[in-house]
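Chemist: Protein chains in written order, with my numbering: chain W, 1 to 381; chain H, 1 to 381; chain X, 1 to 381.
Calculated directly from the structure, the hints in this document are not laboratory data. Worth double-checking, as some hints may not be accurate.
[Said to hold, decoys possible] Estimated spans, in silico, between C-beta atoms of each pair: (1) W/225 to X/260: 22 to 30 Å; (2) W/87 to X/131: 35 to 43 Å; (3) W/57 to X/94: 54 to 62 Å; (4) H/354 to W/333: 20 to 28 Å; (5) W/76 to X/381: 17 to 25 Å.
[Stated by the list, open to error] Pairs of lysine-lysine, DSS-like flavour, derived with a Cα cap of 30 Å: (6) X/56 to W/56; (7) H/73 to H/56; (8) H/73 to W/131; (9) X/131 to W/56; (10) H/56 to W/131; (11) X/266 to X/302; (12) X/131 to X/56; (13) W/56 to H/56; (14) X/56 to H/131; (15) X/73 to X/56; (16) H/56 to X/56; (17) H/266 to H/302; (18) W/131 to W/266; (19) H/131 to X/73; (20) W/73 to W/56; (21) W/73 to X/131.
[To be verified] Some chain W residues close to chain H (C-beta under 7 Å, calculated; not the full set): (22) 122; (23) 324; (24) 334; (25) 337; (26) 338; (27) 358; (28) 364; (29) 378.
Because the structure is a prediction, the values reported are computed rather than measured. By construction, the Cβ of each residue, glycine as well, lies at the ideal position given by its N, Cα and C atoms.
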Amino acid sequence: MNDDPREREGEQPPELPADGNLLGGSRFGLDRRGFLAVGGSGALFCTLAVTGGDPKEARRLARAADAAAARVKQPQGIARDAVDRLSFATPQPQPGGQAREYWLQARSVVWDYAPTGRDEWMGARVPGPRKRRFRAYVYQQYSAGFAAPIGHPAIPGPTLHAEVGDTLVVHFRNGDDHFNQAVTMHPHGVRYTPDYDGSYFGDFTRVGGFIAPGEEFTYTWEAVPGAVGVWPYHDHGPNHTLNTARGLFGAVVIRERGARAPDVEKIVYLHSFGPEVTGFDQVVQCINGRSYAGNTPTVRAKVGQDVALHVIGGDANFHTFHIHGHRWTDAAGVDVDTREVGPFETLTARFLEDNPGRWMYHCHVFPHQDAGMAGWYLVDP
Amino acid sequence: MNDDPREREGEQPPELPADGNLLGGSRFGLDRRGFLAVGGSGALFCTLAVTGGDPKEARRLARAADAAAARVKQPQGIARDAVDRLSFATPQPQPGGQAREYWLQARSVVWDYAPTGRDEWMGARVPGPRKRRFRAYVYQQYSAGFAAPIGHPAIPGPTLHAEVGDTLVVHFRNGDDHFNQAVTMHPHGVRYTPDYDGSYFGDFTRVGGFIAPGEEFTYTWEAVPGAVGVWPYHDHGPNHTLNTARGLFGAVVIRERGARAPDVEKIVYLHSFGPEVTGFDQVVQCINGRSYAGNTPTVRAKVGQDVALHVIGGDANFHTFHIHGHRWTDAAGVDVDTREVGPFETLTARFLEDNPGRWMYHCHVFPHQDAGMAGWYLVDP
Amino acid sequence: MNDDPREREGEQPPELPADGNLLGGSRFGLDRRGFLAVGGSGALFCTLAVTGGDPKEARRLARAADAAAARVKQPQGIARDAVDRLSFATPQPQPGGQAREYWLQARSVVWDYAPTGRDEWMGARVPGPRKRRFRAYVYQQYSAGFAAPIGHPAIPGPTLHAEVGDTLVVHFRNGDDHFNQAVTMHPHGVRYTPDYDGSYFGDFTRVGGFIAPGEEFTYTWEAVPGAVGVWPYHDHGPNHTLNTARGLFGAVVIRERGARAPDVEKIVYLHSFGPEVTGFDQVVQCINGRSYAGNTPTVRAKVGQDVALHVIGGDANFHTFHIHGHRWTDAAGVDVDTREVGPFETLTARFLEDNPGRWMYHCHVFPHQDAGMAGWYLVDP
Numbered sequence: 001m002n003d004d005p006r007e008r009e010g011e012q013p014p015e016l017p018a019d020g021n022l023l024g025g026s027r028f029g030l031d032r033r034g035f036l037a038v039g040g041s042g043a044l045f046c047t048l049a050v051t052g053g054d055p056k057e058a059r060r061l062a063r064a065a066d067a068a069a070a071r072v073k074q075p076q077g078i079a080r081d082a083v084d085r086l087s088f089a090t091p092q093p094q095p096g097g098q099a100r101e102y103w104l105q106a107r108s109v110v111w112d113y114a115p116t117g118r119d120e121w122m123g124a125r126v127p128g129p130r131k132r133r134f135r136a137y138v139y140q141q142y143s144a145g146f147a148a149p150i151g152h153p154a155i156p157g158p159t160l161h162a163e164v165g166d167t168l169v170v171h172f173r174n175g176d177d178h179f180n181q182a183v184t185m186h187p188h189g190v191r192y193t194p195d196y197d198g199s200y201f202g203d204f205t206r207v208g209g210f211i212a213p214g215e216e217f218t219y220t221w222e223a224v225p226g227a228v229g230v231w232p233y234h235d236h237g238p239n240h241t242l243n244t245a246r247g248l249f250g251a252v253v254i255r256e257r258g259a260r261a262p263d264v265e266k267i268v269y270l271h272s273f274g275p276e277v278t279g280f281d282q283v284v285q286c287i288n289g290r291s292y293a294g295n296t297p298t299v300r301a302k303v304g305q306d307v308a309l310h311v312i313g314g315d316a317n318f319h320t321f322h323i324h325g326h327r328w329t330d331a332a333g334v335d336v337d338t339r340e341v342g343p344f345e346t347l348t349a350r351f352l353e354d355n356p357g358r359w360m361y362h363c364h365v366f367p368h369q370d371a372g373m374a375g376w377y378l379v380d381p
Numbered sequence: 001m002n003d004d005p006r007e008r009e010g011e012q013p014p015e016l017p018a019d020g021n022l023l024g025g026s027r028f029g030l031d032r033r034g035f036l037a038v039g040g041s042g043a044l045f046c047t048l049a050v051t052g053g054d055p056k057e058a059r060r061l062a063r064a065a066d067a068a069a070a071r072v073k074q075p076q077g078i079a080r081d082a083v084d085r086l087s088f089a090t091p092q093p094q095p096g097g098q099a100r101e102y103w104l105q106a107r108s109v110v111w112d113y114a115p116t117g118r119d120e121w122m123g124a125r126v127p128g129p130r131k132r133r134f135r136a137y138v139y140q141q142y143s144a145g146f147a148a149p150i151g152h153p154a155i156p157g158p159t160l161h162a163e164v165g166d167t168l169v170v171h172f173r174n175g176d177d178h179f180n181q182a183v184t185m186h187p188h189g190v191r192y193t194p195d196y197d198g199s200y201f202g203d204f205t206r207v208g209g210f211i212a213p214g215e216e217f218t219y220t221w222e223a224v225p226g227a228v229g230v231w232p233y234h235d236h237g238p239n240h241t242l243n244t245a246r247g248l249f250g251a252v253v254i255r256e257r258g259a260r261a262p263d264v265e266k267i268v269y270l271h272s273f274g275p276e277v278t279g280f281d282q283v284v285q286c287i288n289g290r291s292y293a294g295n296t297p298t299v300r301a302k303v304g305q306d307v308a309l310h311v312i313g314g315d316a317n318f319h320t321f322h323i324h325g326h327r328w329t330d331a332a333g334v335d336v337d338t339r340e341v342g343p344f345e346t347l348t349a350r351f352l353e354d355n356p357g358r359w360m361y362h363c364h365v366f367p368h369q370d371a372g373m374a375g376w377y378l379v380d381p
Numbered sequence: 001m002n003d004d005p006r007e008r009e010g011e012q013p014p015e016l017p018a019d020g021n022l023l024g025g026s027r028f029g030l031d032r033r034g035f036l037a038v039g040g041s042g043a044l045f046c047t048l049a050v051t052g053g054d055p056k057e058a059r060r061l062a063r064a065a066d067a068a069a070a071r072v073k074q075p076q077g078i079a080r081d082a083v084d085r086l087s088f089a090t091p092q093p094q095p096g097g098q099a100r101e102y103w104l105q106a107r108s109v110v111w112d113y114a115p116t117g118r119d120e121w122m123g124a125r126v127p128g129p130r131k132r133r134f135r136a137y138v139y140q141q142y143s144a145g146f147a148a149p150i151g152h153p154a155i156p157g158p159t160l161h162a163e164v165g166d167t168l169v170v171h172f173r174n175g176d177d178h179f180n181q182a183v184t185m186h187p188h189g190v191r192y193t194p195d196y197d198g199s200y201f202g203d204f205t206r207v208g209g210f211i212a213p214g215e216e217f218t219y220t221w222e223a224v225p226g227a228v229g230v231w232p233y234h235d236h237g238p239n240h241t242l243n244t245a246r247g248l249f250g251a252v253v254i255r256e257r258g259a260r261a262p263d264v265e266k267i268v269y270l271h272s273f274g275p276e277v278t279g280f281d282q283v284v285q286c287i288n289g290r291s292y293a294g295n296t297p298t299v300r301a302k303v304g305q306d307v308a309l310h311v312i313g314g315d316a317n318f319h320t321f322h323i324h325g326h327r328w329t330d331a332a333g334v335d336v337d338t339r340e341v342g343p344f345e346t347l348t349a350r351f352l353e354d355n356p357g358r359w360m361y362h363c364h365v366f367p368h369q370d371a372g373m374a375g376w377y378l379v380d381p
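This is chain W alone, in the form it adopts within the complex:
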């Protein structure tokens, strides 16, 4: 490395803001050690995702990230730029539209990634540890006013439905008493003002970007015409990578006004649980929180039905989604039976069912498929 200072003229520093505090200490009462741990979680997950990592080191770094996230204080919000001083009205439904209300609570739960213990595809015991439980983190749906949970906790969280012109009004509570850190809901596809972005932005965080344990916040999102489609939502708080990997994700479905739903419609999240999440040594490849056929969703349809599988990439890997015995036409008019889907993209496979029998759907990345990212698709005549 040549450090000849004459060469430094090549360097082009970005403009430094007038606020001298930029390079100074934090406003959040988080010590440097804490920040390093938070900031370092990027490197952590980079290592995990790209190398497969050392599971022991992964777990150590996850503990450090959790500890640091638990120390992050509510940002006060600073207005360094004119855009930070903007204020926004809460969006209302368009004429003819309605406000679709949901109550969702973030909760950590004990989760088994393969409750049957069997891989029906290979007719074998699921490889890996006999005990497959770990602490996952889920969005759980409640009845109005958080009166009572609706159904069991699930991964992904509840699917939120709206039509163009509606608003989605999501009452969100951070109901977790275990991880003790702020979480959020960040939606894709729908329109929202910065207040409802649901993203932690450090000093620039707005109200919806930091929901501390025990707190509630109501997000309002707009189903604008360009939002028609199926989209992910997920945590975007200070520890988003780890908490999303634990299961804090779900889907939004926006349809044209009055559009008919497919006869069979299924959200299919392709994701994984790594050692930093499970505490186990191997990475588990999952569909909707479960691993291996018979544990992953068994989808069922009937000849003649309009079937839509909405496949969402839910981890740091790229996948190719394949269904045996079927093909579908993509938006450009090409018939495919295998199609890539990247992190937090959505791929919709929609087709008129015409082929009865027992089929398999799976990720066509062999190591994902083999490590559990596969399920049954059963078609009755």
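Chain W is fixed; fit chains H and X onto it per the hints.
Modeler: Relative to the frame of chain W, chains H and X by itself:
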């Protein structure tokens, strides 16, 4: 990890089938050790693909997977679900269509991934070992009745051609006496009943999903209108990941009835041979079983010709295919000269040749390109 | 491994050229050791990219690749094939078009990937070393005749603009006195003859494929109708992988004749600096040579403006590009807010701005995002 049983209510077990055997022993006479090894091949390849892995461990696990696969017995087939009791007629050609018959034999062969020993691109000796031979596994074409082999063994196997309304009738023999395990042919794109899916499904395996050494089976696949395109076929038996990686793959080309073939048409499989396949330490990046320009296919065309390169992803990696000096229009109408192709997707680059000279085609993932995934494209004026 | 010679008949060697020299020594005066190091750079980057690698080994191999590249001599060019004997006229602008001249010099410079030292997103110090300077390699623009540099060195290099019917005439000088190796400019999208491909092809290298230190070469590229779009250019010399990773890349924008540029247009290169480039231990995830919000470009627009972000994959990884609060319509007519972009592909996100505030744009691969691949997008009302 908090194991407080009160939290277990969060767990949502899938319904257990009435068949109590689900959690019991195997029907296949395979001991637990064997199943673990088979089931564990997922973790094996995950490790290999994502980490580059420890070559020694990769080879050990491949030996274990081969040994386990050799012990898997012909499934008896069970009918747990109504769909498992369905029976299917063998499809016939549509009026005006025909049955296109092929005879294919799976054979393991000694294979050299770089017979010239030279990388013509870099003007250098191919890096790595001087001895580049290992045991690959190929689909080889035979004349009717398996009378005689047609040509030399090749990777990929023979390209199967049909037009809409035809059936592909593929007489398949597992002719390998080395690996001693069941293999299959699983096609993409074409229509088939569950009998001709060519997939091992454990207890749910149908006739075409387990072709033991020395056995024969005839697959019948339909060239339905939605099947127009170019598609992979590959092994989907009990040890599919390892055997596909060894070379058990090929392509199906379905055209509209009477459609004219391009003047130059080439199947371009982007894949790799890892230590678990070759026994060597490094991963070799290949096009059609060969590595480094001058070993990989040299494609030749002439100005004015209609050229189609059908690029298929044949391993667990994602690739971007690039041709120097050319571009093509994709299905959505965008001109591109580099386009991604994921595992077992097909990308077609089709263009009217207008640029004479020596060109290179390659994967634009630098480490793939540099490790051999590159070849010459020569255009005469 | 069975080496039974009877099995060798399975082997299908490609035709060996009549030129017996193919397997002989090099024409370049490079000893075998040198070639191995050059040829081995593929394996090097494969290891680096796929495994995250051992930083120490990565640095050692980079030093070896640099040393080998410094020994590669100007190829003499051989005409083994008829296409190698073709000669080509220099293209001229079409009627109504013009020659657009640029002067670009390749230079290595000391570069800081995060000059502020702060990650504004997390409100934290940038993780990793306090000293973030290393020797990068850039294309820098000069005024006519290389009279004087235009602006500071930047990553990516200057954006080259032309309209259909124009030629791009790029006067290129290898002005680096540090790395002491040949480099080139290889463009995507535009049309060029083999002379202007800018690619080192070993014995088959043409004039533009090896620009030694201190030498100059003028590339002439054609803005044909199919070239409309935004494309990368980058080094394709003997050590292209390492030098491209150091920053030797930029973009070409080709528009229809008279087409109006978007109101806001930004090239967004998603790439990374690894240990082999920086000398540091961790991989740094970058946008345009910088890492972490406040260092990466802050893009600014205003409600009502036509905004285009041209996202180019600039390393060996696949990315998904996401903008908060916005979506765009892809070429097939699908509305998206996250879309994959592979190595040296271009993704254009173009939309009518309608949502004021502070937004984030980032790669949605969490480990990339967290390790710095994120930036601000500020929208005034």
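Chemist: Hints first: check each against the structure and report whether it holds.
Modeler: How the hints compare with the structure:
Between residue 225 of chain W and residue 260 of chain X the beta carbon distance is about 25 Å. The supplied range of 22 to 30 Å therefore holds. Checked against the hint of 35 to 43 Å, the C-beta distance between residue 87 of chain W and residue 131 of chain X comes to roughly 42 Å, which is consistent with it. For residue 57 of chain W and residue 94 of chain X, the hinted distance range of 54 to 62 Å is satisfied, since their beta carbons lie about 59 Å from each other. About 26 Å separates the C-beta atoms of residue 354 of chain H and residue 333 of chain W, a value consistent with the hinted range of 20 to 28 Å.
Between residue 76 of chain W and residue 381 of chain X, the C-beta spacing of about 23 Å keeps the proposed range 17 to 25 Å intact. With a C-alpha separation of about 22 Å, the suggested pairing of residue 56 of chain X with residue 56 of chain W holds against the 30 Å cut-off. Among the hinted pairs, residue 73 of chain H with residue 56 of chain H is consistent with the structure: their alpha-carbon atoms are about 29 Å apart, no more than 30 Å. Of the pairs offered as hints, the one joining residue 73 of chain H and residue 131 of chain W holds, with about 29 Å between alpha carbons and a cut-off of 30 Å not exceeded.
The straight-line distance between the Cα atoms of residue 131 of chain X and residue 56 of chain W is roughly 29 Å, inside the 30 Å bound, and the hint therefore holds. Between residue 56 of chain H and residue 131 of chain W the alpha-carbon distance is near 29 Å, which keeps this suggested pair within the 30 Å criterion. Taking the CA atoms of residue 266 of chain X and residue 302 of chain X, the gap is about 14 Å. The hint holds against a cut of 30 Å. Using a Cα cut-off of 30 Å, the hinted pair residue 131 of chain X and residue 56 of chain X holds, with the two alpha carbons roughly 18 Å apart.
Of the supplied pair hints, the one linking residue 56 of chain W and residue 56 of chain H holds, its CA atoms being roughly 22 Å apart against a limit of 30 Å. Taken as a hint, the residue 56 of chain X and residue 131 of chain H pair is honoured in the structure, with Cα atoms around 29 Å apart against an allowance of 30 Å. For the hint pairing residue 73 of chain X with residue 56 of chain X, the CA-to-CA distance comes to about 29 Å; that is within 30 Å, so the pair holds. Proposed proximity of residue 56 of chain H and residue 56 of chain X is supported: the alpha carbons are some 22 Å apart, at most 30 Å.
For the given pair, residue 266 of chain H sits about 14 Å from residue 302 of chain H by alpha-carbon distance, which is consistent with the 30 Å threshold. Taking the CA atoms of residue 131 of chain W and residue 266 of chain W, the gap is near 29 Å; set against the 30 Å cutoff, the hint holds. Between the alpha carbons of residue 131 of chain H and residue 73 of chain X the distance comes to roughly 29 Å, so the proposed pair stays at or under 30 Å and holds. Using a Cα cut-off of 30 Å, the hinted pair residue 73 of chain W and residue 56 of chain W holds, with the two alpha carbons roughly 29 Å apart.
Distance hint between residue 73 of chain W and residue 131 of chain X is fulfilled; the C-alpha atoms sit about 29 Å from each other, no more than 30 Å. Annotation: interface hint on residue 122 of chain W holds; nearest CB of chain H at approximately 5 Å, less than 7 Å. For residue 324 of chain W, the interface hint holds, since its Cβ comes within 7 Å of a Cβ in chain H; the closest pair sits about 6 Å apart. Contact between residue 334 of chain W and chain H, as hinted, is supported at the beta carbon level, the nearest pair being about 5 Å apart and thus within 7 Å.
Below 7 Å, beta-carbon pairs count as interface contacts, and residue 337 of chain W has one with chain H at about 5 Å; its hint therefore holds. For residue 338 of chain W, the shortest C-beta to C-beta distance to chain H is roughly 5 Å, which falls under 7 Å, so the interface hint holds. Here the hint on residue 358 of chain W is kept, as its CB sits about 5 Å from the closest CB of chain H, short of 7 Å. The interface hint given for residue 364 of chain W is met, as the beta carbon of that residue sits about 4 Å from the closest beta carbon of chain H, less than 7 Å.
For residue 378 of chain W, the interface hint holds, since its Cβ comes within 7 Å of a Cβ in chain H; the closest pair sits about 5 Å apart.
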